Amino acid sequence: MTKRLSSLKALEVELNYRTKVPCQDRPKIVSANDAFILLRHYWDDNKIDLIEEFKILLLDRGNTVLGISNVGSGGIAGCIADPKIVFALALKARATGIILAHNHPSGSLKPSRYDINITKKFVECGKMLEVDILDHLILTSGGFYSFGNEGMIPI
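Number 90 in our numbering belongs to position 90 of the sequence shown; there are no gaps in the numbering.
There could be a bad hint or two in this list.
Claimed, not checked - Keeping only pairs whose Cα atoms sit at most 30 angstroms apart, straight-line, the calculated DSBU-like set for lysine-lysine is: (1) K47 with K110; (2) K84 with K47; (3) K121 with K84; (4) K92 with K47; (5) K121 with K92; (6) K120 with K84; (7) K47 with K20; (8) K84 with K20; (9) K92 with K120; (10) K110 with K121; (11) K121 with K47; (12) K28 with K84; (13) K28 with K92; (14) K84 with K110; (15) K28 with K121; (16) K20 with K110; (17) K28 with K47; (18) K127 with K84; (19) K92 with K127; (20) K120 with K28; (21) K110 with K127.
As the list claims (entries may be wrong) - Label pairs and their computed distance ranges (CB to CB): (22) I116 with P22: 34 to 40 angstroms; (23) R94 with N70: 18 to 24 angstroms; (24) D25 with S141: 25 to 31 angstroms; (25) E124 with Q24: 33 to 39 angstroms; (26) D82 with H41: 21 to 27 angstroms; (27) P27 with L109: 21 to 27 angstroms; (28) K20 with S108: 34 to 40 angstroms; (29) H41 with M128: 29 to 35 angstroms.
Since the hints were derived computationally from the structure, they do not count as laboratory data.
Note that the structure is predicted; figures quoted are calculated from it, not measured.
Using N, Cα and C, we set each Cβ at its ideal position, and we do this for glycine too.
Could you build all of it, start to finish, from the sequences and the hints given here?
Below, the structure written as structure tokens:
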């Protein structure tokens with residue numbers, strides 16, 4: 001048995017977190033508007049009105065940004081964000097908080113039933129892993145909607 005196992009090769013799984021920004025230079029998020037400004041800076045102007053994308057901000061206990069990641073890309077009317085991927089990234093970065101964000105190419109700032117349900121799902125997953133969902137923003141080229149500002153987090 002040992003001889004058989006020694007000849008087997010396993011695939012190594014790796015999820016990287018590389019920071020190039022010194023701690024003192026990382027932005028701190030104190031409001032939904034701060035998150036919107038930062039996210040908007042990283043959103044491709046050529047795509048925000050064209051295809052739906054889902055990004056996350058990973059934060060430490062002091063709400064300092066540890067990283068930004070694009071976790072989903074879709075079509076005109078939707079995209080999928082897999083909680084397993086989102087929380088794998090958060091755990092790898094040792095984040096204690098996440099701000100979810102996606103755009104509505106239609107320009108509507110009204111959350112859909114799916115937006116509300118997926119937010120609930122992320123909040124529930126976060127509770128199990130002790131990673132707080134701090135907000136969920138819907139972005140358009142003209143503004144944003146904050147689940148947190150509207151009292152929808154915690155849900």
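Against the structure, the hints:
1. Proposed proximity of K47 and K110 is supported: the alpha carbons are some 19 angstroms apart, at most 30 angstroms.
2. Taking the CA atoms of K84 and K47, the gap is near 25 angstroms; set against the 30 angstroms cutoff, the hint holds.
3. Between K121 and K84, the direct Cα distance comes to roughly 11 angstroms. Compliance with the 30 angstroms bound is thereby established for this hinted pair.
4. With a CA separation close to 28 angstroms, the supplied pair K92 and K47 stays within the 30 angstroms bound.
5. The suggested pairing of K121 with K92 holds, with an alpha-carbon distance near 20 angstroms, which does not exceed 30 angstroms.
6. As the CA atoms of K120 and K84 are separated by approximately 15 angstroms, the hinted pair is consistent with the 30 angstroms bound.
7. A hinted pair counts as satisfied when its Cα atoms are at most 30 angstroms apart, and K47 with K20 qualifies at roughly 26 angstroms.
8. The suggested pairing of K84 with K20 holds, with an alpha-carbon distance near 25 angstroms, which does not exceed 30 angstroms.
9. Using a Cα cut-off of 30 angstroms, the hinted pair K92 and K120 holds, with the two alpha carbons roughly 22 angstroms apart.
10. Among the hinted pairs, K110 with K121 is consistent with the structure: their alpha-carbon atoms are about 19 angstroms apart, no more than 30 angstroms.
11. Distance restraint check for K121 and K47: the Cα-Cα separation of roughly 26 angstroms lies within the 30 angstroms cut-off, and the hinted pair is therefore satisfied.
12. Simply put, K28 and K84 have alpha-carbon atoms about 26 angstroms apart, close enough for the 30 angstroms limit, and the pair holds.
13. Taking the CA atoms of K28 and K92, the gap is about 20 angstroms. The hint holds against a cut of 30 angstroms.
14. A threshold of 30 angstroms between alpha carbons decides the hint, and for K84 with K110 the separation of about 26 angstroms falls inside it, so the pair holds.
15. With a CA separation close to 26 angstroms, the supplied pair K28 and K121 stays within the 30 angstroms bound.
16. As the CA atoms of K20 and K110 are separated by approximately 36 angstroms, the hinted pair breaks the 30 angstroms bound.
17. Proposed proximity of K28 and K47 is supported: the alpha carbons are some 26 angstroms apart, at most 30 angstroms.
18. Taking the CA atoms of K127 and K84, the gap is near 14 angstroms; set against the 30 angstroms cutoff, the hint holds.
19. Note on K92 and K127: the hinted pairing holds, with a Cα-Cα distance of about 17 angstroms set against a maximum of 30 angstroms.
20. Under the criterion of a C-alpha separation no larger than 30 angstroms, the hint pairing K120 with K28 is consistent with the structure, at around 25 angstroms.
21. Note on K110 and K127: the hinted pairing holds, with a Cα-Cα distance of about 26 angstroms set against a maximum of 30 angstroms.
22. With their beta carbons about 38 angstroms apart, I116 and P22 fall inside the hinted range of 34 to 40 angstroms.
23. At roughly 20 angstroms, the beta carbons of R94 and N70 sit within the given window of 18 to 24 angstroms.
24. Between D25 and S141 the C-beta distance comes to about 28 angstroms, which sits within the given range of 25 to 31 angstroms.
25. Separated by about 35 angstroms at the C-beta atoms, E124 and Q24 satisfy the suggested range of 33 to 39 angstroms.
26. Take D82 and H41: their Cβ atoms lie about 25 angstroms apart, and the range 21 to 27 angstroms holds.
27. Our hint of 21 to 27 angstroms for P27 and L109 holds, since their Cβ atoms are close to 23 angstroms apart.
28. Distance hint check for K20 and S108: the Cβ-Cβ separation is about 36 angstroms, which falls inside the suggested range of 34 to 40 angstroms.
29. Evaluation of the 29 to 35 angstroms hint for H41 and M128 yields a pass: the beta carbon distance comes to about 32 angstroms.
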